[in-house]
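A.B. asks: With chain A held as given, fit chain B onto it using these hints.
Single-letter residue listing:
Protein chains: 2
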Amino acid sequence: MSSTDTYGTESHKKRAMDWFSRLRDDLCMALELIETDVEGPNGSSDLEPGVFQRKSWQRPAEDGTDGGGGTMAVMRGRVLEKAGVNISEVKGEFSPEFRKNIPGAEADPRFWAAGISVVIHPRSPLVPAAHMNTRMIVTQKAWFGGGGDLTPVFPDDEETALFHRAYKDACDRFDGSYYPKYKKACDEYFYLPHRDEPRGVGGIFVDNLNSGDWESDFGFIQEIGRSFMGIYPQLVRRAMDLPWTAAQKQAQLIKRGRYVEFNLLHDRGTLFGIKTGGNTEAILMSMPPEVHWP
Amino acid sequence: MSSTDTYGTESHKKRAMDWFSRLRDDLCMALELIETDVEGPNGSSDLEPGVFQRKSWQRPAEDGTDGGGGTMAVMRGRVLEKAGVNISEVKGEFSPEFRKNIPGAEADPRFWAAGISVVIHPRSPLVPAAHMNTRMIVTQKAWFGGGGDLTPVFPDDEETALFHRAYKDACDRFDGSYYPKYKKACDEYFYLPHRDEPRGVGGIFVDNLNSGDWESDFGFIQEIGRSFMGIYPQLVRRAMDLPWTAAQKQAQLIKRGRYVEFNLLHDRGTLFGIKTGGNTEAILMSMPPEVHWP
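Protein sequence lines correspond, in order, to chains A and B.
The numbering used here applies: residue 1 is where the first sequence begins, and numbers increase by one.
The numbering used here applies: residue 1 is where the second sequence begins, and numbers increase by one.
The shape of chain A in the complex, shown without the other chains (with noise of 0.2 Å):
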């Protein structure tokens, strides 16, 4: 990895940062446009449209300085039950048990981290949930990472090449062996051991990323965002005036459970998160708002 003198810098990180605040801006603008668009039974139903709700929160430096913080942004809607859209911007130390795993952390355990995150959980068992995250992160080195994955109650073979499709295209614009490479890291992430089944039917998942370009890798993760606002919406209003029935929606409730164990069995960035004492209401913000263990 290259010099945070030439990656990672102090520019950088504002303009990382800008980003973030503006995806998360237009991404919430996308979201609560769906819920005043729908027709159905997610349109006809006593609910009102969705409307995002934000709230900040500080998170406390090691030393009782300033550790940054972030801003949750929580949907309710009629058609995306549960939509959340977090950011975040955060400095402080690693604990000692942390350093050894974290590149640059090891001879200085300083570090600054910014990104969003986005996790949609829909009402109709027919409207795939998603997720996307992306972050820039600085240490002794500086990487990018992220990545945006589909999870469908029922597969449906034309929607699953459309996501990935979105994203081999935004792939394709930087590298050519980013698809498949990060398709499968993908695969191999979103898959629960415990039940010999993957999450969902996978998207991309990058990590360590600095190519020794901060430009081009910055136009990637930004390609990474802006590919999933491109598409998720779509799919959402594919699929969202269809009815649905009782059983298609236990279901999806009984599928949400497989998301649960994956996030507090398996996802790094929640047991990191946890473990280092994150901003607990913020990560958890991912968990469906209603799941059955039938």
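Derived by calculation from the structure, the hints in this document are not laboratory data.
Yeah, the Cβ is synthetic: ideal placement off N, Cα and C, and Gly gets one too.
Each computed BS3-like pair below joins lysine-lysine, with the alpha-carbon atoms no more than 27 Å apart:
#, chain 1, residue 1, chain 2, residue 2
1, B, K183, A, K275
2, B, K13, B, K91
3, B, K100, A, K275
One-sided and incomplete, this derived list gives chain A residues near chain B with beta-carbon spacing under 7 Å:
#, residue
4, H194
5, L264
6, L265
7, I274
8, T280
9, M287
10, E290
11, V291
12, H292
13, W293
C.D. replies: Relative to the frame of chain A, chain B by itself:
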């Protein structure tokens, strides 16, 4: 700890397993009786009294030979929305990563383990959830573990006192030092650091019990099960006929989310079982039937 020539013999294993089976039978009967005796809103519902359904599973050993197995008993009742009583007797070899953390397994990885595990999630938010388990483990050493604890949605001083009194009496019959020590261990164990909340109102938590006197320790372990059977059905009957509100039910569904978080993030038995290829269905029988993350 004593030699397995005198503590954890083949005869001891058989007697322990026989006890776990008998306790399972007695507990299932006591819990089914509640289902037929109920009046009030639980009893006047359209639901039929619950009956335990049993299902056995086998565990393939590491070398393909017989690794033992277990029997799940699950009841979907009208008072006890989901009650699970599992017994198991398994044997095999600990994988290298676990050997160093298990007493007596470093030099010889073979183990035998048997136990009973009980998790009860009542339908009424006014009836406390409960957990009890006892186990005997034999490696090159041998020991017992177990305990019982209560998780009400709305803690009630009298109910809590009755539960603790039962376990204090059980402890005091064996050693005056047990109750304070095991109550403290329970409070420390069933705690969610990320929420800064206890899981429930405690009970007792015993691990690595080997006084050198197998008969006495086995007597105490039996007493943990007997005390649970003596007190928990009474606590259910105390509250099961009371009407509850939608707000109380919603509080229960949220409280159950904390239960899920504890079990998947922190519970050593759950994580150990999941990571060592245990029977997923039996391990995750502890999950509540319906959960909300608001």
